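A.B. asks: Each chain, letter by letter, is given below.
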Amino acid sequence: MNHQLFSGTTNTSKAKFSIGIDLGTTHSVLSYVDISDPDNDEITQKVLQIPQLIAPGVIEDKPQLPSFLYQAHAAELTEGDVVLPWTNQPKFLVGEIARHLGAKTPIRLVSSAKSWLCHAGVDCKEAILPSEAPDEVEKLSPFQASVAYLEHLSAAWNKQYPDQPITEQEITLTIPASFDPAARELTAEAAQQVGLTNATLLEEPQAALYSWIEKSEGDWRNHATVGDIILVIDVGGGTTDLSLIAVTEQGGNLGLTRVAVGDHILLGGDNMDLALAYTLKAKLEKAGNQRLAAWQIQALTHACRDAKETILSNDEADNIAVVVPNRGSSLIGGTLRTELTRDEVNAVLLEGFLPEVSSHEYPAINPRSGLRSKGLPYAQDAAITRHLAAFLSRQVDAVKNIDGVTLSENASFLHPSAVLFNGGVLKSPRITSRLMSVLNSWLTAEQAPDARLLSGLDLDLAVARGAAYYGYVRQGHGVRIKGGTAASYYVGVESSMPAVPGMAPEIQALCIAPFGMEEGSNAELVGDEFGLIVGEPVRFRFFSSKTRRDDTVGTRLEYWGDDELEELNEIEITLSDEGYKVGEVISVHLNSLITETGTLELHAVSNQNNQHWKIEFDVRSGEE
Amino acid sequence: MNNTEFNIDLNLTPTTFDAIHAYLAATVFGLALTVIILLFILLLSMLRNAKKAKQTKVSTNSEQTISSTIPKREPEVKIVEKVVEVEKIVEIEKIVQLPAPEPIILKESTPEAALQLLNLLQTEARFIDFIKEDMSAHSDADIGAAARVMLTGCNKTINQHFDISSVRSEEEGSPITLAEGFNAAEVRLTGNIVGEAPFSGTLIHKGWKVTNIKLPKLTQDHQAEIIAAAEVEL
Chain A
7 MNHQLFSGTT
17 NTSKAKFSIG
27 IDLGTTHSVL
37 SYVDISDPDN
47 DEITQKVLQI
57 PQLIAPGVIE
67 DKPQLPSFLY
77 QAHAAELTEG
87 DVVLPWTNQP
97 KFLVGEIARH
107 LGAKTPIRLV
117 SSAKSWLCHA
127 GVDCKEAILP
137 SEAPDEVEKL
147 SPFQASVAYL
157 EHLSAAWNKQ
167 YPDQPITEQE
177 ITLTIPASFD
187 PAARELTAEA
197 AQQVGLTNAT
207 LLEEPQAALY
217 SWIEKSEGDW
227 RNHATVGDII
237 LVIDVGGGTT
247 DLSLIAVTEQ
257 GGNLGLTRVA
267 VGDHILLGGD
277 NMDLALAYTL
287 KAKLEKAGNQ
297 RLAAWQIQAL
307 THACRDAKET
317 ILSNDEADNI
327 AVVVPNRGSS
337 LIGGTLRTEL
347 TRDEVNAVLL
357 EGFLPEVSSH
367 EYPAINPRSG
377 LRSKGLPYAQ
387 DAAITRHLAA
397 FLSRQVDAVK
407 NIDGVTLSEN
417 ASFLHPSAVL
427 FNGGVLKSPR
437 ITSRLMSVLN
447 SWLTAEQAPD
457 ARLLSGLDLD
467 LAVARGAAYY
477 GYVRQGHGVR
487 IKGGTAASYY
497 VGVESSMPAV
507 PGMAPEIQAL
517 CIAPFGMEEG
527 SNAELVGDEF
537 GLIVGEPVRF
547 RFFSSKTRRD
557 DTVGTRLEYW
567 GDDELEELNE
577 IEITLSDEGY
587 KVGEVISVHL
597 NSLITETGTL
607 ELHAVSNQNN
617 QHWKIEFDVR
627 SGEE
Chain B
48 MNNTEFNIDL
58 NLTPTTFDAI
68 HAYLAATVFG
78 LALTVIILLF
88 ILLLSMLRNA
98 KKAKQTKVST
108 NSEQTISSTI
118 PKREPEVKIV
128 EKVVEVEKIV
138 EIEKIVQLPA
148 PEPIILKEST
158 PEAALQLLNL
168 LQTEARFIDF
178 IKEDMSAHSD
188 ADIGAAARVM
198 LTGCNKTINQ
208 HFDISSVRSE
218 EEGSPITLAE
228 GFNAAEVRLT
238 GNIVGEAPFS
248 GTLIHKGWKV
258 TNIKLPKLTQ
268 DHQAEIIAAA
278 EVEL
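Line by line, the protein sequences are chains A and B. In this note's numbering, each residue carries its 1-based index in the first sequence increased by 6. In this note's numbering, each residue carries its 1-based index in the second sequence increased by 47.
Isolated chain A (complex conformation) (with noise of 0.2 Å):
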């Protein structure tokens, strides 16, 4: 009987499919792979095609679902226009017709939420979405944003396969790969609240990597050989993400190890199309127009975007009209009418945002400096080779702890020998290739050979792709990129010295969790006790570095480098006052644990009896 239970609820095997999810920062995307089979080694891969409102009372499937939610007022749409094939009363209006709505009306438009999860400083679980709207407009956090968009995925899975209950499917939900714990928490919470109570993270430039080694269909270990380093470049509309994976061997075959993930850049295709929108928006007030309203900029940036892909897509045409109409019915009358000119794209674009800059140029300003504005931390050098130069200087350590994946000495950043694009924007293969023309005249430089371009991805859909894929490799088929976690992580604790008047107690980091933790395990400090009073909730500043990689469990650090520790958001702890008196102290110790989702979570254990309390990450007060 007992047997029977345990069984039952561990046993994954009734999950007919594997879904990945990618929950992006402007799309989201449902791809499956049927896994009924164990001993299929041949899979077909799927995309839900999503139904959605594309405008009021108009509905249609479409493969991505915008991440946009709008809030309409009562009186701006009937009834009857907002309904969707599983219910006539949906609670949030999610997907196109947001995004369309919300065009015209963007006080009441929630778009990045999945930003905000990672945004310091801000609780996001607090209604402060659209952070621009009055008061009146009902307001929502980044969480419920990023539930609204889950729950109209796995509707839209229910009402496709009402047999196959995605709630009983093995998920896989992506997440950039510089998410910290906890961004990482709350998307698992996120999934959690919907009933996907199963989903497993995984980062999105592995999933992109998944995708590819899929697509290959086996022939991916020709194009890869032990010591290649694996430069996954991810530029999506809203953000950009660097991993780096080193090839190795395992066993005689072919082994995949992530060494290394970048900073959270808030810089990607969005940026380059307003950046090309107020270019001509200055050309044209300069000509004598008036200026321009904020929606004729909207229907600027539109055009751009068009003319943009043309221009990088289509080497023969120079110069493209840009044409904004009339908002009123007549057409012809006050239409402005520009061109947007080869030398416009090449100089805002690829001067702009990548530029001929050498390995040792880094970002003007620090990425995370941004932490006090009250909106979302936008990179502030919109350069993306400069943040390339930056992480691939910061981690040239990366794979020195990696067997059989070597540097050449004199190295003064990490050397990739093979690249792998992804995102929207790396469509364009002007955009691409000055990209690898920009990293081999580094490598070039130091004497390296020139990376590799890998290729074959469908960059729209890679990532939801790879992450269906992994679910399938999860199963014991294909090779399984290891990585755990990307960073290595402290607390701050006050060092034992005695007090000096006027000055803060310096502090110490005390590691709690190593890099390249794997999922599933767990590290104890035994030998760190701290005296916890019941009742009152305690905080902790909480640290994490990306380059520290020999720091071991317990290791307390006096010194760093501005550039090896990141503070994140302070993690508090209470002890429940069950079975003790309040005021009472209790010498507790902390554990870390990753967990099979891929989430970090952290305990106070007594000393005394075993007791676990949770610590958690997501308590952001908005406290400077």
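Calculated directly from the structure, the hints in this document are not laboratory data. It cannot be assumed that every hint is accurate.
Calculated cross-link-like contacts (lysine-lysine; reagent style DSSO-like; alpha-carbon spacing at most 30 Å) [claimed, not checked]:
1. K261(B) with K221(A)
2. K256(B) with K68(A)
3. K433(A) with K154(B)
Note that this is a predicted model, so its numbers are computed, not measured.
The hints should help you fit chain B onto chain A, whose structure is shown.
C.D. replies: Here is chain B on its own, set in the frame of chain A:
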């Protein structure tokens, strides 16, 4: 007398008894004919449907998932007045002798799909705005600028909702030979049409055909005739 009683001559002035017989016979005959005509109509309409499907191969794959909220908007097939006429045959014996006419089947297109297309073209391409404009009041340069908006949008809309390919892959202006049994709906012959297939000629227009339609679905209460809502900025 007995002989004439059983040999019913319909041309004779009917007695009471004969009239009943004649009426019965006519009824049986009429009913049999009704059944035959109905079967014939059924067969014909099935043949037509099969033929149509073969010609266009238009698949409307969007229809499957939403049937619960939206009524299917397939074109209604009306058999014009046929059923009524057949019933009449039973009553009026004269018509029995007429040869059965070819049943005429007309499809009535639903206005919703047409309205929907107008809405899509207006939303994406400002199509109605453009064609409603008085061209004489504007310069060619201004019209050109607006046409650019319209054409880019139309191209996007049509490509998004229809898969269109050319009927013939040959280059226009090149010689072409049509074997016997070519599809006359796909290839239209013009000019000096004489003799028998195979026909040799020049490809003037390569033709277009829609291979797939993906039109959005509409909610029950959607007012398709509003192809562009008036916009009021607050």
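A.B. asks: State for each hint whether it applies.
C.D. replies: Hint check:
Among the hinted pairs, K261(B) with K221(A) is consistent with the structure: their alpha-carbon atoms are about 27 Å apart, no more than 30 Å. Only pairs whose Cα atoms come within 30 Å are accepted, and K256(B) paired with K68(A) is accepted, the gap being roughly 23 Å. A threshold of 30 Å between alpha carbons decides the hint, and for K433(A) with K154(B) the separation of about 45 Å lies outside it, so the pair is violated.
Violated hints amount to a single one, hint 3; each of the other numbered hints is respected by the structure.
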